[in-house]
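Residue numbers (the UniProt record's numbering), protein chains in the order written: chain A, 1 to 288; chain B, 1 to 288; chain C, 1 to 288; chain D, 1 to 288.
Warning: the hint list may mix true and false statements.
Claimed, not checked - Have a look at the derived ranges for each label pair, beta carbon to beta carbon:
(1) B:GLY213 with D:GLY126: 35 to 41 Å
(2) C:PRO201 with A:GLY213: 48 to 54 Å
(3) C:ARG40 with D:SER44: 58 to 64 Å
Derived from the structure by calculation, the hints contain no laboratory data.
We put the beta carbon where it would ideally sit given N, CA and C, even for glycine.
Protein chains: 4
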Amino acid sequence: MKTHLSTVETVLEYEILSPTHFCFNIEAAHWPTQKIRSERLAISSGVAPHSFEDPRSGNRFIRFDAAPGPLLVNYQAEVEVETVEIDPALTETPVGQVPDAVFRYLLPTRYCESDVMGSAAQKMFGQLPPGIGRVRAIEEWVRNEITYKPGSSTSTTTAQEVFVQRAGVCRDFAHLGITFCRALNIPARLVVGYVWFDEPPQDFHAVFEAWVGGRWVLFDPTGMAPVDRLVRIGTGRDAKDVAFSTMFGSVRMTRKEVSVLEHDPRPPKPEPHAQVDHRDAEPAIQTA
Amino acid sequence: MKTHLSTVETVLEYEILSPTHFCFNIEAAHWPTQKIRSERLAISSGVAPHSFEDPRSGNRFIRFDAAPGPLLVNYQAEVEVETVEIDPALTETPVGQVPDAVFRYLLPTRYCESDVMGSAAQKMFGQLPPGIGRVRAIEEWVRNEITYKPGSSTSTTTAQEVFVQRAGVCRDFAHLGITFCRALNIPARLVVGYVWFDEPPQDFHAVFEAWVGGRWVLFDPTGMAPVDRLVRIGTGRDAKDVAFSTMFGSVRMTRKEVSVLEHDPRPPKPEPHAQVDHRDAEPAIQTA
Amino acid sequence: MKTHLSTVETVLEYEILSPTHFCFNIEAAHWPTQKIRSERLAISSGVAPHSFEDPRSGNRFIRFDAAPGPLLVNYQAEVEVETVEIDPALTETPVGQVPDAVFRYLLPTRYCESDVMGSAAQKMFGQLPPGIGRVRAIEEWVRNEITYKPGSSTSTTTAQEVFVQRAGVCRDFAHLGITFCRALNIPARLVVGYVWFDEPPQDFHAVFEAWVGGRWVLFDPTGMAPVDRLVRIGTGRDAKDVAFSTMFGSVRMTRKEVSVLEHDPRPPKPEPHAQVDHRDAEPAIQTA
Amino acid sequence: MKTHLSTVETVLEYEILSPTHFCFNIEAAHWPTQKIRSERLAISSGVAPHSFEDPRSGNRFIRFDAAPGPLLVNYQAEVEVETVEIDPALTETPVGQVPDAVFRYLLPTRYCESDVMGSAAQKMFGQLPPGIGRVRAIEEWVRNEITYKPGSSTSTTTAQEVFVQRAGVCRDFAHLGITFCRALNIPARLVVGYVWFDEPPQDFHAVFEAWVGGRWVLFDPTGMAPVDRLVRIGTGRDAKDVAFSTMFGSVRMTRKEVSVLEHDPRPPKPEPHAQVDHRDAEPAIQTA
């Protein structure tokens, strides 16, 4: 079994303008294929953070109320990720054999309207032989036909809009991939995490997971990062479930720095991608 | 403690045109406030139904594969529902005190785009005193401003569209109520069930639940049925989670009959509602 | 010069429920390439129809107020259509050379959101050599990738929605063709008319016109009818400009019959198209 | 007859990155109620501008091709605007009496989906007595319920979206006003022009015109400017018809300055409006 060690860090600074409730999802998840060797979370004094873990997803959340003024959140961790070999011959699971716990990932969600894109998915990918190859074809289509363009989408952009506009950031790429999969009756979900990008700036990354061969397999339609080294933060039906921050109040972000240091030899450089800027990669949800 | 006894029955008939996987959600839920005295589920011979219960929601699902030909599904139950007294002075819970398990009902979902309707909700209901009275104001606004009109919406219609079109059926009314609540930071979710309508035809009904005073309270923006007598089938983030049937295949529904018999004296007749037709009340999800 | 003679007829019957203003657009247009040999318009007695012709488009409208009760509108005409030979080498016109009067057909309209589909059009057709061949490629793409399916769209369905859903009727096919053209800077517009279908029922038909080689050329993405024999009723930016009827009041249509009789030998049968039903071909606009 | 004299000026600078076709609509319109005393248009040398006037609207367009490099467009004019007294008792025109030439302003357009907002308009304004007072009620509703917020909308934002989001800039305010009017069978259209704002920065302004009392009357839902002094540039069905610039090519705007100098005494200061920024007031259409 091959493993891969990364040191990850997030620094977030905010100027809080009104009493605000925060919910952060930035810690490495408790997940079978990754081992947190050490971690440290620091939050400005004066707040009483409360942690909870979603039993279904393993996502870890930190919630607290904060008064107006500056806020600093800093998370560091050293995480060992097990690199999983992917069999290129994995098959699709007939819907009737999709496990009960996985069944819900067949349904449409806020940003993945698979209920209106069934015909398109059938027309585009319905003739391909079922299996992981078909998901690879979806991944590739998204990579080739959608332009990576920071600022082209917002936190409410949906897969349907990305399909029409042909532009988005990593979460949009993942949402569209998920939507095609679900529309073809392949369970799929969103995964966010830390991963080393070949070109700065570093940021949270969003990819997707599809259920093939009786297991979840990661796909990165942006092609920007080696998914087998991704330090998983969160797993959800779509972006609303795994926002790195959800804020209820009036807040201005003043700093956001994500860094990933790899201890092992650098992975081979992914194919160059023009004008990549990850800053919008994983928008926060903010409710005034 | 007051209870209320209902006998409910569903008869569904289909003409299956291609091998199809079915997932039904028509059984009375296992739920603290209701007791299933007896129940009977009959499905045409030749299929091997598999039941599972979602641990989080108590929703009960029946899944099976079926070959082309006719299909009959018949469910009957006698259910005792505990009638809960609602304190009219229930307060809203500050977001910081919303329990971790309830927090997710603050987020937008496929048919409830609370992320784009925050300003509208604030403009419309933001000045009202927080508490159950505000949710009643939302319930009433939906009842008065949305026209109940079968055929005006489809299985993919969202709250945003209902808000613009001003027409829909019960699930649309519930979705819009949920959306306003979430946009005001009040957790809310969809509930479907059996309930006696004053006027035929009987059908599944959709209402919503909001988190006030530290508990879930039912609201029926259609005003068509006494919610305190609702036999709960399913609880979910929105309609996709509690469709009475989700089908993967080519199928034609040939019969749908829902009946509710009340053992106790008839509740007082709700105010008349012109041109009510519940037939579209709870659309099925069908994927070819 | 080859011409083609058709006898066309429309019978429309309505039950008027409240005082209503009608605007019909069912008469053969005054148009350079067609000659109206004879025509007859009959409307139930009791109304005072007023005719006007839009100077820009040549479209002819009949407007009148009508009281509650039955209404009959009957139009018959014998029209000689000049069959225009289309040079397969027609070139696109650089935007700078598009005539001032044609320039407006480059802009987005209600049902043709070319402003949001620029990238998609470029990705899909941008690499093809400019010219009529590129418009033919668009026509063919729409024919192959969109399913003709009555009931799949409404009078408010837009090209963007058709592109996502992959289903529609003739006006939707035409709208999508127009949208791709405009997004590629090729002026395009909607044309409705009478044309003989190989299979019943007859109905109004909607096709589109693109500006290539310094002239307007007709395209029928449905492939259902020989466009060179189309008796033109109306030309507009999209369907709202050429609805066969626009009604302000409460009205129920009780009969709609369109018939086209061709005097010349039947054109060769177009390729078969499964499950064709033209009844929704050209929805009316109705405002209560 | 009272008149009002303004000196207006526009300075636009671009960095052209690829051969581009431009169409500008920045000159004062030829219009019955305004007299252009003097005007001057200057465009960087090297281009061959061509002017045309739309016979229907009186809008004046300047078109030309330009090669990569810098471009300067400068327009100055001294315009005398006739201040029209508005009778507060103007009545609505029954649809049957709307003139043929005005009839088209009843129909939905790209950014004004009156075809889907009929019920909302009826619910909200249907009970008010018909007449100019009803349009004033619409104007006021938009002013009170929509937040003026630069950056909240884009060049493709529609009235429906503004209605849901409750935020926009002047063109969005005007689009929503137009949409409500049309949905109530009151003809309405967009007007853009130069008008003196009490607070900088100056910019093009968008307002709307409704047909009441047998004439067009101007309304400014933003309340930001005295519409009776507006120097009219363009009149159209919605923003796409009167964009100040429509560009086909790759272009970067580097400067945009609009100034309005009033010769007559300053009109009374309109009520203060927080955080007004007109920079997004009238987005250009750009097609790469």
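Worksheet item: Which hints from the list above does the structure break, by number from lowest to highest?
Response: none
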